[in-house]
Amino acid sequence: SQTIHQWPATLVQPVGSPLSLECTVEGTSNPNLYWYRQAAGRGLQLLFYSVGIGQISSEVPQNLSASRPQDRQFILSSKKLLLSDSGFYLCAWSVGGVYGYTFGSGTRLTVV
Amino acid sequence: RKEVEQDPGPFNVPEGATVAFNCTYSNSASQSFFWYRQDCRKEPKLLMSVYSSGNEDGRFTAQLNRASQYISLLIRDSKLSDSATYLCVVNDNDYKLSFGAGTTVTVRA
Chain A
8 SQTIHQWPAT LVQPVGSPLS LECTVEGTSN PNLYWYRQAA GRGLQLLFYS
58 VGIGQISSEV PQNLSASRPQ DRQFILSSKK LLLSDSGFYL CAWSVGGVYG
108 YTFGSGTRLT VV
Chain B
493 RKEVEQDPGP FNVPEGATVA FNCTYSNSAS QSFFWYRQDC RKEPKLLMSV
543 YSSGNEDGRF TAQLNRASQY ISLLIRDSKL SDSATYLCVV NDNDYKLSFG
593 AGTTVTVRA
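Protein sequence lines correspond, in order, to chains A and B. Heads up: take any position in the first sequence, counting from 1, add 7, and you land on my numbering. Heads up: take any position in the second sequence, counting from 1, add 492, and you land on my numbering.
The shape of chain A in the complex, shown without the other chains:
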């Protein structure tokens, strides 16, 4: 069966520090991968998605970047965090939008 792993579960980082969040999927090949952010009390905002190794589509211009160095690995990064980067970051995978997504358990990031 397919599983998605996302870590860490919680993170507190100072303003201006770098960020690296990792997501890996097991049990499937060539998944579509997604990074979402959910601010407190708000809806899901799509940040990046990838349909293959090295292929990244950015949905919202911002202080973040994404990379897909391997088929089942998706990384979200920032060189310098802002207070507004705080939120609940969710990784997801799918075999296509028509089939829905499966989400990882999320990383709760607080920038202080």
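Rather than coming from a laboratory, the hints here were simulated on the basis of the structure. Glycine included, every Cβ here is placed at the ideal spot set by N, Cα and C. All clues stand as given, with none of them false.
Under the rule of at most 30 Å between Cα atoms (straight-line distance), these lysine-lysine pairs were calculated in the DSS-like manner: (1) Lys588(B) x Lys534(B); (2) Lys534(B) x Lys571(B); (3) Lys588(B) x Lys494(B); (4) Lys537(B) x Lys588(B); (5) Lys86(A) x Lys588(B); (6) Lys588(B) x Lys87(A); (7) Lys86(A) x Lys534(B); (8) Lys537(B) x Lys571(B); (9) Lys537(B) x Lys494(B); (10) Lys534(B) x Lys87(A); (11) Lys534(B) x Lys494(B).
Partner residues are not named here, just some residues of chain B that face chain A (Cβ under 8 Å, in silico): (12) Gln523; (13) Ser524; (14) Phe526; (15) Glu535; (16) Pro536; (17) Asn583; (18) Tyr587; (19) Lys588; (20) Phe591; (21) Gly592; (22) Ala593.
With the hints as your guide, set chain B onto chain A.
Structure of chain B alone, referenced to chain A:
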């Protein structure tokens, strides 16, 4: 205009009651529709897909109206454990889904 719009609620209902809510979507080309459930501080989880003919899964019934571009979810015999935020989800294309902001349901004893 948002691609998927939902009444945020909250819907406060007693145990055993029936609660129903809708969402509307703007992309007439959408082909796939879902309801997700999100518990507080947790990731969203797929509750059910929504099919053209409507479908039922236990106490949950989903309906799709393509002509009016809305989707509904009905929960019968509400349980305390049904308290959550319900996200309406519609596919944009082969790769992306659009999520509504969610409808909050609170079931009280």
